[in-house]
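**Q** Same order as they appear, the protein sequences are chains A and B. Number 56 in the UniProt record's numbering belongs to position 56 of the first sequence; there are no gaps in the numbering. Number 151 in the UniProt record's numbering belongs to position 151 of the second sequence; there are no gaps in the numbering.
It cannot be assumed that every hint is accurate.
27 angstroms max Cα-Cα, derived DSS-like pairs, lysine-lysine [to be verified]: (1) K214/A - K24/A; (2) K24/A - K48/A; (3) K622/A - K608/A; (4) K341/B - K439/A; (5) K411/A - K341/B; (6) K248/B - K499/A; (7) K248/B - K511/A; (8) K536/A - K648/A; (9) K166/A - K248/B; (10) K611/A - K549/A; (11) K411/A - K549/A; (12) K513/A - K341/B.
Facing chain B, a subset of chain A residues (Cβ under 10 angstroms, in silico) [unchecked claim]: (13) E257; (14) M436; (15) A443; (16) K511.
Since the hints were derived computationally from the structure, they do not count as laboratory data. Everything numeric in this text was worked out from a predicted model, so none of it was measured. C-beta atoms are modelled at their ideal positions from N, C-alpha and C, and glycine is treated no differently.
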Amino acid sequence: MAVPRGSASYKKKDGVITFTDDKKYLIWSPGAGTGPPVVSLAVASIGKVQQTPDTSPKVILKVFENPRTDDGEAIPYLFHYTSTTNARAEANAIRDLIAELLALARGDDPNIPKPLNQGTSSNGGSAGASAAMSVASAANAKPSIARWFDDSTLMKDAELQLSLLKKDSSLSQVYVEARSTKPESISDAAFDAQFWSNRVGLLRAHAIELNQSKGAYNILSTIKPRVVDGELKLSLVKEQVQMIFQQHPLVKRIYNENVPKPLSEGDFWSRFFLSRLSKKLRGERILERDGGQDPLFDKYSEADNTMGFASKITASQVPHIIDVEANEENQGGFKRGNRQDVEMRPRKNVPIIRTLNSLSEKIMAEVAPTDGKLVVSAAAGGGGDDGDASLDNTFQELALRDLRDEAEMQKIALNVDKHNDFFQNQSSGISEESKMYAKQTPAEVMFDLQSDMEIMDKDASGGADLQKLIGIDDDSDSDTEAPDGVKKGAHVGSRAARKAATDQIFESLEKTKTEMYGLDTDELSPMDIPPDLTQKCLITNATSVEFVKQFWNSFLSGDAKRTEEVAYYADAVKRSIDRIGALAEEAEATRVKLDNQRKQDIKEHYKKSGKKLRYIPVRGGKNAVMAFFATTLAALNHAQGLYSSALKK
Amino acid sequence: MPTPQDVVDASVHYQGEQTQSTIPSLLSVIIDTNPRAWSALNNTLTLTQAVANALVFTNAHLAGDNANEVSIIAAHCNRAVWLYPTPPRRNTNAEAAQPPLTGNEFPKFAEIKHSVFTSLRELVSETTEADIKSTTTTQISGALTLALTHINKTSISLTTSRGAGYGGGPTTGSGPVATSTDGLPGLNARIVVLSVSDSNPAQYITTMNAVFAAAHSQIPIDTLCLRGNPTFLQQASYLTRGIFIRAKEPQGIVQYLMLGLNRLPPSFEFASETSPNESSGKKGGGRGGTPFLLPNAELVDFRAACFCHRRVIDTGFVCSVCLSIFCEVPSEGECLTCKSKLQLGNYGARPVVA
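Start from the sequences and build out the full structure, keeping to the hints where you can.
**A** Structure below.
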């Protein structure tokens, strides 16, 4: 059936409304309808269609497009049929076709609301067809978006989970290990549900990631012939071909007219890329020395490509406040003043600028707007003037807010008292310090202090001889000689004291060093646990953590229905503890073996060469593993303890 | 910087490393003179001995560079007092002003020693029994504040004098950065505290204010704790990237001071960013690209304690308004600090097990 066409005006511009050949899109193009469409609505996203009744003189078609986001409004498009003779018939034809297509699209959709409501279609005669033109439900436009935010859908989507597991190997290890070691009492499904219920965020991120695809880009610039075996080769993928057709309708037209009849596909493309047309489309300059004219391609001027394209932005109503052209005109045009700057003068032989601009505009027209409203829909109330709403919006955006007064900060006053209690650290009643202080009497203290000062005073030279006070006597052989007046042995500055101080400082330096830099071996074999054992320990740790987390989840919910679950998880916790013990034993066995080996080697070496090697005991046995798991074990035991005490109650 | 003549000239010139920082360092020593604590320590270490050791430490600091400076403050039980530089005296006692100059001592050292001991003597003589009875701890926050203000004043006076006199300062080109980012311009300052007493909870807010000010100006607060448990100073050291040493052997005090508390100016500590194993430039840097480690192995106990009983807890209840922690639901659901009414969710429902 031929595609019905009608002359209709959209936003006060004349044009032609029709369908694409595959009947997937309802398009409207201005002017004679030869250029690319300004408005193109996917039939699949058309919700409601309304038309003025046959009896009314005006023929207007109103099409509602489904919102692209969940909570947007349906966007209406108004087309006034302008044909003087045939408006009604055209309108009806188009409307019927829409109805058919919608019915087809929804034929297999389970949630078609059947009866009409609110009298959408006015034409009683085509009530049957209209019935299928149902009020749109969200079915078509937003399946993917709803899916992402619906936790239950994500959890049921096994495919998604599998792909995530494939992608993330550590996660899959944990999953496999936990699954294989879970107690039989928990069913597979329940385990899965539990496992993923904690990780819904991961699933969601993965789904969104999978859904992202690359946007449109200037395809011609990316197709370059490569030199293979001395001859130029070019390969085209189906997506690339699609993109070329989308961005350059001229090429599409030529293709449709010429393939497969006069030209084969391969020929078509090879000739196309060699022709001047492709150069023009890319925006490169054409010099006379370039190859001869291709008889087919170079007939067309690339202007056809761009001319019919009316910018979407200028087609819609631009709010007067930001309409630069209109404002200039309002003030009498701009042909005044100095000539424009060198950069801004229009140039002759730079076709690439025009090409790139028009191409970018085309591509951007396809892209969903980031601020959530389509340019076309700025006139929400009808095809006429700016709706009040949009003008208000524009004003809001442009208004200057910086110079207003600062808004009063809304502060909530907290009444905090009793500071002191909070800043005392754990005082278990009376501390040792206080006891000691209680023993002192102020008089004693005064005496001590003053006598101290007097000792110093007695010294010659009105001050103190620092050297004597420090008590470092380099010449004394050993500190056991009692220097006169001071206690024997230990005194301030004695060598022993100094040495002790030095040792302490170096010890803490060493500790800081290990903390900061660690040891090289720490990555693969921390504390000298052999690498494969380390891997096992890591996995065991992850699974134990998983089980303990599930345990707390069910234990603390206080839900009577989950009592069995709690029991299962308690069991799993117990098994984790046993597993850790087993690992420790294994480590110990390995260690003992290595140790004996080392001793053996030393003995042999001694036998051979008579030299004794130092015996360094092998580290990394049971103690190391236990230290490794210390915190995990504490958590597991704690969980177990709480469970058993709750059981007893 | 080698001039063309130097290159041509056959003699050998010693180009001292320009990394010699010409920024003066100001060391502030705060000596905790809590009489009761010192009286408890009297058998191992007396106050005068400790002060003498501290003076050796400051003399070493002064010897490091001509422009280095020192300030010494005593944190007494009821007030903080300047020991050096001496505040203008009320009684103009000429004799007290000038130390007797012998030919044996570097004048600056003598001056400091004289000033410190004179002020100390005065402090002790003015202490009455009532003062000692009043408190068992020391006014550390006051001393910290005094030190910080002095540092600030010095830094300002140095930058203005430098700008006027030198026209940009001698550290041009190859010298290290004259200021650390956010730090005080023109001065490397640090504070060393000799502590013998516990932290006074009533002084928490004031002490922490001083600590945060120091942290903001990148002034490390190092502490040598001879006895007691000064928890605020531990936190202070942690926050300001300082050192906290708990001396196991107080009689070796001189070694603790000289070995443990000596620091290079920050320009050295952050100098070489190109060392291969540097860890985000925290303590990296140093002359050969080897990082300069500080003996800071004391772990600060950051565990939360509940506000009602001061018990350390693992899990508890947090008020959503003021974030205070409780080990059990407060009575009537009213938060103890901010008095806002709180509601409990479904946590803590008795677990149904069997």
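**Q** Which numbered hints are broken by the structure, listed smallest first?
**A** Violated: hints 3, 4, 8, 9, 10, 11, 12 and 13.
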